[in-house]
Structures are given as structure tokens and as C-alpha cells.
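Asks: Each chain is listed here by its residues.
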Amino acid sequence: GESVGLHLPTLSVQEGDNSIINCAYSNSASDYFIWYKQESGKGPQFIIDIRSNMDKRQGQRVTVLLNKTVKHLSLQIAATQPGDSAVYFCAEGTGLQGAQKLVFGQGTRLTINP
Amino acid sequence: GAVVSQHPSRVICKSGTSVKIECRSLDFQATTMFWYRQFPKQSLMLMATSNEGSKATYEQGVEKDKFLINHASLTLSTLTVTSAHPEDSSFYICSAVTGGQYGYTFGSGTRLTVV
Numbered sequence: 001g002e003s004v005g006l007h008l009p010t011l012s013v014q015e016g017d018n019s020i021i022n023c024a025y026s027n028s029a030s031d032y033f034i035w036y037k038q039e040s041g042k043g044p045q046f047i048i049d050i051r052s053n054m055d056k057r058q059g060q061r062v063t064v065l066l067n068k069t070v071k072h073l074s075l076q077i078a079a080t081q082p083g084d085s086a087v088y089f090c091a092e093g094t095g096l097q098g099a100q101k102l103v104f105g106q107g108t109r110l111t112i113n114p
Numbered sequence: 001g002a003v004v005s006q007h008p009s010r011v012i013c014k015s016g017t018s019v020k021i022e023c024r025s026l027d028f029q030a031t032t033m034f035w036y037r038q039f040p041k042q043s044l045m046l047m048a049t050s051n052e053g054s055k056a057t058y059e060q061g062v063e064k065d066k067f068l069i070n071h072a073s074l075t076l077s078t079l080t081v082t083s084a085h086p087e088d089s090s091f092y093i094c095s096a097v098t099g100g101q102y103g104y105t106f107g108s109g110t111r112l113t114v115v
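Just so you know, the protein sequences line up as chains A and B, in that order.
In terms of the working numbering, the first sequence has 29 at position 29, counting the first letter as 1, and numbering is strictly consecutive.
In terms of the working numbering, the second sequence has 57 at position 57, counting the first letter as 1, and numbering is strictly consecutive.
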């Protein structure tokens, strides 16, 4: 079946460095992608999203890159801070924004070293 | 921004009993809500799609008679775990379709422990 997966289950970075979290997806019909941050015991928190008609989108300290050719999505976090420690999930949706269900990837735990 | 409130945040119940979890959209109307289950150190797995005024759509492998979903109003969806067993212990999360900038807003989750 269709799935969304991640290359790295864990990632440790030094405080202040940039982090890159990767995600592979297999549903070529997906046209909407979202990155979520989840802290322990809490629900997912929206970080940034991107539509399939774009290949890059920037937010505050975060950038999402989409490569449709190889079905790859990445999240870049600039100047990583201790508060960025969490599990990060990519999710993909099909159809109009908000109209379709999301499929989540496995998740990557990001740990920030002081 | 859009807020989804989920209650309770934690619940412990005895095996064989039923537990109801509520998901409310506080400042918007949600015709569609989703229910997810998350086991420790795993991803969110979609259980069902809840549509206001109609029957929920369950994902393959999810027992509709065990996980009862009711979406009776535009601001409330409930998930009832019936005849709970220890293997139903999990983190249950709802989300609502908001559209706009965030598309989907998630509740804070409910930790269910069945003893």
C-alpha cells in the first residue's frame, strides 16, 4: 500500500547547528505535505507545509524542500535550539487541502546536544 | 488560531469497561475530524474519519464495533472504546479539518491505560 517513510529514525545535532530531517513518500498522487513536531505526551504541532506545485518553502528557521522526481521531502531547521528536541513527522495528503486524510511517516527523534 | 480540545488527557479503566474520549473544535466548525492511535515510539495510525451527521469511515483493520465514533455536531466528535482490553492501551489523538493556513489541527491526545 501507499506509505510515507523516513530515512533516519534518530538524529543528534549540536546546539546552533542546522538539522536536516528526511522523508520518502511513495504515493505519486499526493499533492500536499506537512511537517509536524511532537513533544512527549502531546499532539502533533504544525511546523510547515508545502504543495506539490512548489519545491521549496521557508518559514521561521525552517525550510521544507520537495523533490517530486525522487519522492523526497526534507525539513531543515536552522540554528537548532534545545526547544527543537522532539519527534518530527512528515505527512502526506491527497486532494484539496483539508479534504483528505493524512498518512504519517515513521518519525525522526531529534536530540540537541549542548 | 484554531484550537482542538481533547478530553480527558489521561484515563485508566478496568478491562471490559468502556471509555469515551471527546474531541471539540473550540472556535471553528469541523465537518470532518480524524481519530488516530499512537503506540509508544511509533507513528500516528489513522483509525477513522468522522463526518458530521453521517457514519464514520474506518480504516482497514479497525473494528467499528469496538471503536464507536459519533460526530453529532459541528464541534464535537467522540470516540468510545468499548469492552477495553490491555492491548487497547495507547495514545489516542483527534484532529479537525480547519482549512486555511494549518489545514488540520490536532488535539493534545488522550493516554488510555487499560488495567
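Because the hints were derived from the structure by calculation, they are not lab data.
Mixed in with the good hints there might be a few duds.
[What the hints assert, rightly or not] With a Cα cut of at most 30 Å, we get these calculated DSBU-like pairs of lysine-lysine: (1) LYS55(B) x LYS20(B); (2) LYS66(B) x LYS55(B); (3) LYS66(B) x LYS68(A); (4) LYS66(B) x LYS41(B); (5) LYS14(B) x LYS68(A); (6) LYS55(B) x LYS56(A).
Asks: Evaluate each hint against the coordinates.
Replies: Okay, the hints, checked on the actual structure:
1. LYS55(B) x LYS20(B): 17 Å, holds
2. LYS66(B) x LYS55(B): This hinted pair holds, its Cα atoms lying about 14 Å apart.
3. LYS66(B) x LYS68(A): At roughly 39 Å apart (the allowed maximum being 30 Å), LYS68(A) and LYS66(B) break the hint.
4. LYS66(B) x LYS41(B): 24 Å, holds
5. LYS14(B) x LYS68(A): Violated. LYS14(B) to LYS68(A) sits at ~48 Å, over the 30 Å cutoff.
6. LYS55(B) x LYS56(A): 38 Å, violated
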